Amino acid sequence: MAKKQTQKPKNLERSVFFQHCLRYQKIYLLLLFLLLSSFIFFNNAQDGKPLLADAESYYHLAEAKSLSVRNFHYAPLAFLEEQGGMLSLVFLALILAILTLFNIWTIFRKLNFSATHTFIFSLILILTPAFMRSATSLSSALLYLFLLSLSFVLFFHCQQKIRYLAVFPSLAIACLDQFSVLLTLIIFALSALNSERNSRRLIWISSGVLLLAAGATTFIFDISFLSGPFHTSQLARDLISDFGSFSGMSFFVFVLGLLGLVISWPRKVSYFLLYLVLPLLVPAYVYNPEALFPLSIIFIFFATRTILTFLRHQWQLPILQRFTVFLLFLGILFSSLSYISQIESAGLQRDDLEVLHWMKEYLPDEAIVASFPEDADYLRYFAGKEIFFAYHFQDPEKENNNSLILDAEYVQQLFPLLEKNGIGYLYISTSAAEQLPRERGLFFLFQNERFKLLYSSGESGVWKFDLSASEGG
Amino acid sequence: MQKKTAYWLTAIVLITFIARLAVALLVPNFTYDSYFTFRQVEHIGETGLPLFNDQLSYGGRELTFLPFFYYFSAFFDLFLPIEAVALLLPNLLLSLLPIIVFLISRKVSNSEESSLFAAFLTGFLPILFATANNFTNETLFIPLAFLTIYTFLKIDQPKYFYLFLGLFLACSLTSNATFLLVMGLIIYLLLSILENKRINRAELEVILFSSFLFIWTEFLFFKSLFAKEGIKFIWQNIPQAILSQYFPNISLFQAIILVSVIPFIIGIYIVYQALFQLKNTRAFLLISLAISTSLLSWFRLIQFRLSLLFLGVILTILFAMFYDDLKAYLSKTKFTKKKQWIAPLFILLLLPTMVLPAVVSALQVPTPTESEIAAFSWLKEHTPPQSGVLARLEEGYLVTYFARRRNVMDERFGTVRDVGTRLADTNTLYHTTLQTIALDLLDKYNIQYIILTSHAQQTAGISSLPYLSKKCFELVYHESDQQGDGVRIYRVRCTVGELRT
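Protein sequence lines, in the order shown, are assigned to chains H and P.
Going by the numbering used here, the first sequence opens with residue 495, and the numbers climb by one from there.
Going by the numbering used here, the second sequence opens with residue 1026, and the numbers climb by one from there.
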């Protein structure tokens, strides 16, 4: 009897559809990125919200508005905003993200990563909420990634003269924050140890320039260790976008990343670099959630390794392979879509913007305004008033006082705090109003005669506190 | 399977089913949480969809839950009245569990005699037997889960592979407790690696796929809960004041009583032997499931009762291995002629330690009395449809099912923002002596009626509400029963500041 020939199961990677995606991956990925970011901007515009809806954007813009010697590195941003308005800033964010993608593709090509690897990594990156958030706002994390990737693109360039241009991104990194400098120095050092002689020399030169520049900028400018945070941080929630954060990564990417960390245990030098950087990034994230973006890049890389392993491994149950890969991409896509639907209710709303513009027109310049910390940067930029506290102040006493003000239940608790700190105004945004109880707390205390509602729109409003009156008088 | 074994197995199933039915008929009505299922099944019957938007629960809110069990029950509701489905279906499903346990035990121990013992133990496990009046998803989940485990043990065969996929999907759509299965499978993988056991590729692939499938279905159904509560989703937004009722500190004594002392002790012995002495790889999967259940319960990541249910069944399967090992051991000793007495000896030991506690615990399950149900049904006929009714937390489902009125609280806490405050306010309404406070809270929750059952009096530790006055609270219903003052319903006539007409 003739032996029945067993059919070799089809490799997913060699399927016509997949090969087509690989061949035109840059086009499809760019289209996907533009589609997602356009959708986010379009939604913001339609809801009457500012196009750049993240608090960090307005922190940078507020700094750019109040230029001085201490923050003169914001001069280019100030110039751009003045000349081009908000639209130019939107384009800046998009162009930065697209250029970062191109840099990453170049680096992967130089490191001989396969087209499949590049495609999967880029796809997950574009769908990751942390990247979406950075790409649709003025994010120092995205700027850092752009500068770092540009450095490596220039390091690997075939023309010697162009390679020397790699020192310029290092100069720019020195103006970001001290953590970026530290991280870059470590990455440069590890890369130099595993590079050819010419590149190694250049990397050391760039590291030296970076170190000197960092010393100078720390002395001249007001550079913090790590910018932010710009919202109330909760470790688990900020890490995983599915837990309600406005950044983070998909839970699937997190799990795949963890799996990838185990199965990819240093087989290549480039992986080794990533393992060494992790012990720096994890504590940094615990210290400040703004360190999430570089951490998520590492997880995305290892998640890509895991998916590649799933694709290339000969499964005993081929149908299960297809289902598993399909399920994973569905899960990642699901997280992205959930994130997009979540951000509609996040950030500044139309009513908030109206109140802030009113405050800009009618409140005195010397007014000190207390608010929820996550609204502080919007207040600073749109209303142009001095804020009492924002998270990035990193002032424990002020933070404590601000919490006491927002949680006060009796006038005996609230009034002394407001008087002592010279706070004449309180701003409650739409999202803050949802968090505050109605029958007690601030909304109840606002009924006191020393408070006066100056202006409101929807749930958002600004109250004046009469600093001149006192309990005895 | 030998014919004799088949007869014995059939007898065990029939005895279990009859015993469960008998107990179910002796206890009046169903457990309080069963009436949530009643409502869902009725709604599916009327509209084809579960009730995800409930205007009566907490005064109106979105519900998130896995719908498979309710659809499964609704299918039978097409042919039988819902009370019959509630009585027969859960008891039938759990009566079939001994068959599944027999199959798993036989696979693990290769002995039909010991597997029959395991089947018998499962039928009369106290914590499982106490579900005779439960019409909840765990009555489907437990048999499904163990059937899934059985198909996993035979995953190399294509028939069982597809069966595993289908069953696992059904489990994922029935209960969040599928997490127990997933963790158990992952621990099984880890144990296999640690013990240098050759990992079956098919098993590895299936475990990977199952884990991702479970995560995906959870996100699909509970996306909004995850977004609102984050990792606290695990604790289901249960108010802090009663969290210890659902996730208590583990009481070893209670665990031994509910699982029964003999399977408990034998199970521990088998786990020790399998892991540290004989390296019995056949038991790895079961031991992994036992470890996962214990760990998750220890860290209070799953409800204690559920973990005991699961653990109890696993221990009965491990008992089969012990029995088989004991017989083999005796064959090598001079007591080999006495091994025919092992079976009767165990039956003598098990009857008082298992069957009796099983029946007693089943008879003690709290359920509403006929007079209480009559009172809730009276509300439906004699009160305006928009009325709100104050009842105890566990009676919340009775308000929505029998009375078809708004409740203040029930035991589905997810997505409710002020659940701690609500619980505190509800407790205040049962204990405060000040009428103004009571009226203020009744106004806050828009309550027009208060129902005070014997159960409410017992659980709240009161004989009546201290703030009642004839001027503001009109007694509109009073029915005595054997347990005390009976059931009373009051209409709230006042608000703070004015008298309602």
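What the hints contain is simulated information worked out from the structure, not anything from laboratory work.
All values reported here derive from a predicted model rather than from experimental measurement.
Check before you lean on any hint, since a few could be wrong.
Unchecked claim - Straight-line C-alpha distance at most 16 Å; calculated EDC-like pairs for lysine to aspartate or glutamate:
hint	chain 1	residue 1	chain 2	residue 2
1	P	K1132	P	E1071
2	P	K1469	H	E838
3	P	K1253	H	E928
4	H	K604	H	D716
5	P	K1253	H	E838
### Query
CA of K1469/P to CA of E838/H, is that 16 Å or under?
31 Å, violated
### Query
Taking only the CA atoms, is the gap from K1132/P to E1071/P under or equal to 16 Å?
Distance of about 44 Å is beyond 16 Å: violated.
### Message
Does D716/H sit within 16 Å of K604/H, going by the straight-line distance between their CA atoms?
### Response
37 Å, violated
### Query
CA of K1253/P to CA of E838/H, is that 16 Å or under?
At roughly 15 Å apart (the allowed maximum being 16 Å), E838/H and K1253/P satisfy the hint.
#### Entry: Hinted pair K1253/P and E928/H, Cα distance within 16 Å
Judged against 16 Å, a Cα distance of about 13 Å means the pair holds.
Comparing the model with each earlier hint shows violations of hints 1, 2, 4; every other hint is respected.
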